[in-house]
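Novice: Line by line, the protein sequences are chains A and B. Mind the numbering: the first sequence is residues 1108 to 1909 in our numbering, read in order. Mind the numbering: the second sequence is residues 284 to 646 in our numbering, read in order.
Everything labelled a hint here was simulated from the structure, so no lab data went into it. Given the structure is predicted, the values throughout are model-derived calculations rather than measurements. Think of the CB as a built atom: it goes at the ideal place given N, C-alpha and C, for glycine as much as any other residue. Treat the hints loosely; a few may be bogus.
DEER-style ranges, computed between Cβ atoms [unchecked claim]:
hint, chain 1, residue 1, chain 2, residue 2, range
1, B, P586, A, G1380, 34 to 44 Å
2, A, T1687, B, R612, 25 to 35 Å
3, A, G1398, B, Y624, 27 to 37 Å
Coverage of chain B stretches by chain A, computed from C-beta distances (three or more under 8 Å per stretch; other residues unrestricted) [said to hold, decoys possible]:
hint, segment
4, 478-484
5, 507-519
6, 549-556
7, 616-627
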Amino acid sequence: MKTTLAWLQEHLETDASLDVIGERLTMLGHELENVENRAAGLESFTVASVVSAEQHPNADRLRVCIVDNGRDPVQVVCGAPNARAGMKGVFAPAGTVIPRTGAVLKETVIRGVASRGMLCSAYELGLGEDHEGIIELAKDAPVGAPYASVIGRADTVLDVKVTPNRADCLAVRGIARDLAAAGLGRLKPLDAAPIPGRFHTPIGVHIEDYSACPLFLGRHIRGLHNGPSPAWLQNRLESIGLRPLSALVDITNFLTFDLNRPLHVFDAGRISGGLTVRLARSDEKLLALNGQEYALDPEITVIADAAGVQSLAGVIGGEATGCSETTTEVFIEAALFDPIRTAASGRRLSIASDARYRFERGLDPAFVETGLEIATRLMLELCGGEASQVVTAGAVPDWRRSYVLRAGRPASLGGLHVEHEESAAILAALGFGVETLAGGNLSVEPPSWRGDIVGEADLVEEVLRVKGYDHIPAVPLEREGVLSPPALTPMQRRAELVRRTLAGRGLNEAVTFSFVSAREADLFGGAKSELRLVNPISADLDTMRPSLLPGLIAAVRRNSDRGFADTALFELGPLYRDDTRGGQALVAAGVRAGHMGPKHWRAPAREVDLYDLKADALAAIAAMGGPAENVQVTADAPSWFHPGRAGGLRLGPRVLGAFGEIHPAVLDALGAGPPIAGFEVFLDAVPEPRAGRPKPPLRLSVFQPLERDFAFVVDRELPAESLLRAARSVDRKLVSEIRLFDVYEGTGLPEGKKSLAITVALQPQDRTLTDAEIEGFSKRLIAQVEKATGGRLRGDRAERPN
Amino acid sequence: MTDFDPSCDDILREIAGAPSPDALENVRIKVLGRRGSLTVAMRALGGLEPEERRRAGAALNAAKERITAALGEAAARLGRAALEERLRRERADVTLPVPVCGAGRIHPISQTIDEIVAIFGEMGFAVVEGPHIEEDFYNFTALNIPPEHPARQEHDTFYLPTRPDGSRLVLRTHTSPVQIRTMLAQRPPIRIIVPGRTFRCDHDATHSPMFHQVEGLVIDRTTHMGHLKGCLIEFLRAFFALDDLPVRFRPSYFPFTEPSAEVDIGCSRRHGELRIGAGSDWLEILGSGMVHPQVLKNCGIDPSEFQGFAFGMGIERVAMLKYGIPDVRAFYDSDLRWLRYYGFLALDVPSLVRGPLPGGAAA
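Working from the sequences, and respecting the hints, build out all of it.
Specialist: Put into structure tokens, the structure is as follows:
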């Protein structure tokens, strides 16, 4: 909402400075967003009279003018055809910055004649497109006066952010009223003396649906002339960025922005019969004033005459009955349209208008008739003619209601003690009816323009904002105990541990969008149709993601495109299985591509492989306190993984996640080139660590541990896990750890075979083992492994091949 | 008498000049070994007259002591030299670069959420989460935003397809629906914060279709606007690590609070540089207010008995202000250079107990 300081002062008698007004507006809840000096850039331009204009001795099209700017006469060489002695124009001395070009005007010599300034065109001032001739001012323009003040631009525009509840402040008067209530001046009375009707209009008004329009007033004015509006009105509208059109249109715009009273003016000569407010029929159409044709339906409130729909109520008028320069009689509509219906009409037809903006926020029901009287007077003043009686349909809806403001409520809700007398004074100044009850409670009746007030809390806000929120003392929140309870649930805490563990492992945390393209979703198991957005910002982001991997793979691709091929990223975030609350699951997912690190003098760079991601996934599970060592790795990873180079992670039937290389076909479809490996861990599926019971006491053996290495030649297809499982089962009490330290295929081994070498750590508990006992254990282990795997021992002490 | 010279000058010279432990050992054997010259001379003492034996014996013992001492000294000298030689040999180029520790970084959004949780956690707030796909009731209606309310248009809501029953789900436009869910599920006192993803159908230089908010809610019998001010001032000063950060509350409007307040923090703008802290300007940072009585009623809480405040804040916005991050879109781009530059160390878990949170930066 824009106004100028001068316009505000039309309603508010105040000597407050601009700074004070701005600060007060903001602290009243009307944030001052911007202040613009309309004269900015025009300070150096003054009114000057051309004393003489002689032909330039050396140029046919130039004149040498002597200009009087109120100080010394100045010689100016001017090329404008209209420069002549006796005229008044706009003078800029040397040194002035020309608004249009930003160039500094210099003293110069033009074909041998000195020129010490310029007579300006509207174009050079940035005020128009006319650069044929220089600006000609009225004969009585005072020489030496600032040009900005002559054209009414010596003013400041205030841009105020009006919150959606304060429809009453969508006009200059509303803002003035709030400032006056806040003690910043006196609200000037409004001259709204009724204009007596001179004739009975033949145009009747009728309301079919009172829920769409409770009140409709009309007035006929005939014998008028619709020319351009006077300078003061044009200047008002221009100052807030509106283009003046004609007196009639300018008056309706003025009423909208000055008094928050939107009106519509029909060309009365083009109305057939009376006007009726009703809902549109589905076959009706309207060519609106914006030149567009709209197909209507029964959700839309219209104003129709005998010929059909002529206007969309509260939104926009129709072309057929619109006013033009030839209009000589008008019918003014001043109505109350239902906010919800108006909003629905506007939204259905995608029409944003100043009228709709106001009607849908709710207008002052008691001001309709006053607004009509003021508009009538302005039209008679500016356009002439005579006015009819006011014709009426419906009635002013009952807006009177009252609420009790308890004496202690500003303190108990607002945290600021305010004496009830002061509360009463503040509310009264804002236009509320106030009556003091027993105990200092107030019975408060909001004014007609404050439809937003619906209870005691609103009254507390009114008192506080006028008092100033600054006065509310800040009080610390009371603590419930000396120590605060934990802020995080166990699950939130575990998720946080996963996040920081994965980052510690070299993965950078990414945050990617919850939506992906339908095509990406399809590559990762697909998304139900219920998860497709109706209004996505683009087709690339129209489906709630079934996996975090497509977003992360896209991130790898972007980094690779920028020249960073070695990428390690993870994300902790949601996937969406369906549209229920349970369908949203928290997932830790990661991807790695390229090398595990840059090449270095101590070690060559190693390419990322699926085992790096397996380690990441297990680390995530371990970080949550999950049983990482018991996780079963199965060969049934989801379809977006490489079928031979990926695994599922399970605990019995429970799927904890998956890891592996992404399927080459999926990468291809995503436009991601080189191999990428990834993992997903479903945090909700990882069982919580058993809580509560303390661990049993630690028993440390006093006997030396020992290690023995074994290598077995097994079938190439044999999963290592089956060998490890067999080895573990030999003596669970004695074996403290088994590590697989070598995998070998190739020279020295039969075709289709591989060698797996393990270290078995033994920890005797009650005595030192004898050689015979160790020998016995080894034999049992070899027998067990050979039986379970079909393999053969390769050597007692495993020798590393090569 | 043998040919052993008790003055033993030659031997001592030989010991002092021994170039290696082996040469020294050879000297020792030659003198003190089983057939060494001194051993032999000692053995020969037995054949002497008592008087002569005493005199010669004393001389030999003195010579033995000198030789033994000289041997020890020479051994130590050679040992030192050997150690020095070894140390010289083992010298490494300590200027060789070591491998860079390859730890990843925590995203600024996560770190900022953890900082916010650390502060509000100290004030007794619990972290609560809610679904991103939300019912219209929780996202709008229960928050006093009926279907035709102008505020709905400003929310730029993402919609999911209309369901068979005619209803349609939305992506939550703010974290406020979790207020409703919490109040419906839990009796007061309530003290929660709700960090999380939010969605609006808006995409330009300063808007992302997905962003993060944190919501706060306090409901009990006595909490009033003074507490709201106290709580948020304390939070903002701790978050920006500025004890004297100016904080301003000014009236505003939200459908679900009454009275409502927009909260600004002090800043200065000089040469296009924004600096948080005491200055001539203000920066809008969050919205807040006393929970609207109608919202309490919608959740089955009697507004004549209970009251409290709520607030909401954009996480990217405060992260950008605190850490001087210029472009909101970069948060979701996963550019490794950006993540490493603006990201945080994995072990840097925000905690007020361990000292103030890192200070604000210029934007």
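Novice: Confirm or reject each hint.
Specialist: The hints, checked one at a time:
no.	hint	in the structure
1	P586(B) / G1380(A): 34 to 44 Å	violated (52 Å)
2	T1687(A) / R612(B): 25 to 35 Å	holds (31 Å)
3	G1398(A) / Y624(B): 27 to 37 Å	violated (52 Å)
4	478-484	holds (count 3)
5	507-519	holds (count 10)
6	549-556	violated (count 0)
7	616-627	holds (count 8)
The structure does not agree with the numbered hints 1, 3, 6 stated previously, though it agrees with the rest.
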